[in-house]
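S.K.: Sequence:
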Amino acid sequence: MKTHLLRGATSLSVLLVAACAVGPDFQRPDAPGVSQYTPGTPLAETSSAKVAGGAAQRIQNGRDIPGDWWRVFRSDSLDRLIAEALRANPDLQAAQASLRQAQENVAAGQGALFPTISGSSSATRQQSNSTASTATGTRTVTSVFNVTSASLDVSYDLDVFGGTRRNIESLQAQADFEQFQLEASYLTISSNVVVAAIQEASLRAQIDATQDIIKTQRSFLGILQQQFAAGGISQADVASQQAVVAQTEATLPPLQKQLAQQRNQLAVFLGRFPSEISGDDFQLSSLQLPTDLPLSLPSKLVEQRPDIRSSEAQLHAASAKIGVAIANMLPQISLSASYGSTASSFGDLFSPGTVAWSLAGSIVQTIFDGGTLLHDKRAAEAGFDVAAAQYRSTVLSSFEDVANALHAIQFDADTLKAQLAAEQAAQRSLTIARSQFQAGATDYATVLTAQTNLLNARISRIQAQAARLSDTAALFQALGGGWWNRTDTPAGATQPTPSLPK
1 MKTHLLRGAT
11 SLSVLLVAAC
21 AVGPDFQRPD
31 APGVSQYTPG
41 TPLAETSSAK
51 VAGGAAQRIQ
61 NGRDIPGDWW
71 RVFRSDSLDR
81 LIAEALRANP
91 DLQAAQASLR
101 QAQENVAAGQ
111 GALFPTISGS
121 SSATRQQSNS
131 TASTATGTRT
141 VTSVFNVTSA
151 SLDVSYDLDV
161 FGGTRRNIES
171 LQAQADFEQF
181 QLEASYLTIS
191 SNVVVAAIQE
201 ASLRAQIDAT
211 QDIIKTQRSF
221 LGILQQQFAA
231 GGISQADVAS
241 QQAVVAQTEA
251 TLPPLQKQLA
261 QQRNQLAVFL
271 GRFPSEISGD
281 DFQLSSLQLP
291 TDLPLSLPSK
301 LVEQRPDIRS
311 SEAQLHAASA
321 KIGVAIANML
331 PQISLSASYG
341 STASSFGDLF
351 SPGTVAWSLA
361 GSIVQTIFDG
371 GTLLHDKRAA
381 EAGFDVAAAQ
391 YRSTVLSSFE
401 DVANALHAIQ
411 FDADTLKAQL
421 AAEQAAQRSL
431 TIARSQFQAG
441 ATDYATVLTA
451 QTNLLNARIS
461 RIQAQAARLS
471 DTAALFQALG
481 GGWWNRTDTP
491 AGATQPTPSL
501 PK
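Be aware that the sequence shown starts at 1, since it is given in the working numbering, and climbs by one per residue.
For the record, the hints were derived by calculation from the structure and aren't laboratory data. Quantities reported herein were computed from a predicted structural model and do not represent experimental measurements. Some hints here could point you the wrong way.
Stated by the list, open to error - Restricting the straight-line Cα-Cα distance to at most 30 angstroms, the calculated cross-link-like pairs of lysine-lysine (DSBU-like) are:
id, residue 1, residue 2
1, 417, 257
2, 215, 377
3, 417, 50
4, 215, 257
5, 50, 300
Make a model of the complete structure from these sequences and hints.
M.R.: And the structure:
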């Protein structure tokens, strides 16, 4: 009998090794065949303006992206805040926990490849009654005895058709999805902090510019009041200037509100309460615009974008689920064995005559289930089609993001150049208008128009400066943020540390 069992086990092992998992074997989608992100001649260098943040930027095709890409802005304060955000942001911690959960699910699923072994033991004291014959009739005999048993049970579901392996494959793909979701969280958080810092700097500059213009307008109001007192102008001109000052002052509170709200948002990115934000007041002058910008090859983008890799992992999981559904339609083969002993006392367990064992095998094939398994398979195939369409959509959106960033870098540089020229012209126009008004060569309406034009031009120039910085951050984010070059703690760790010096 032992020889037959050995031969059977050997044959079964050969069958399992030779067996292939049913269902499709996943193949990574090919990279798009396009050679550039935008139509026409690719951008090589932007225009420049003689102002902070107005340098020309050059596109470096095929250049790699650093893991700590935010360092291109040359701001120690920004580096510190990003380091803090990557340590304390709760969204990042949630992504880390989701990855650990998915990895544990993979480990749990792999357990199905091994036999399940369980042991049991019991002790029972029993009483039984029997009837015995005597010379005078019958009598009841009461017996009290102990029953002690122990057994070892083994069960094993054979993965002949690879259903278990496909399920593990699906779980691993889900873990890959969570891995790239974590990378996306790193990128999103660092990008959010950079953009928040730029927006804060822009708002501070707009507030400073508005306050400077108010100061100038008040000074001119003083001159008008002196001229009115001397009888040189009408009271209407003085009233008009007072209205201009009031209108300009009215633009300050909204800017201050936006700045306060921006600071609150930055505090949340850092994992702080809004009341805990302090220090690190960003100025546009403290953020340097990089002159060289890396641009990955289009064929590399699908490997670099975390959202594309996450979508690819979902496509992989959907592919593996087709194999699981097919395997469920095929025979399910299982083995079981038991080895145990039953005796009247614990000390007699496994003594001669008390041992019992069993070995069994079963094959179960569903004959009729109302089409459940068939429709499960078709649902899995439809799920794959859904994931494939979503993958294509993600790829298209990713290329759109890069193209949009490149267009923004190009045209916002032109905008800053034009806005600087407009501001300079508005400043000259106001200076001339005031001189002519004081000389009596023009009316006050000309001065009023020039003042309004200068305020609008200065605010627009500041916004254009900030836009160029934000466009740079958007390009790095659109290209994937260089997560593959990060040197921080292993993925899934509780407290990540960015690649910044201590």
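S.K.: Among the hints numbered above, which are violated by the structure, and what are their numbers in rising order?
M.R.: Failing hints, ascending: 2, 5.
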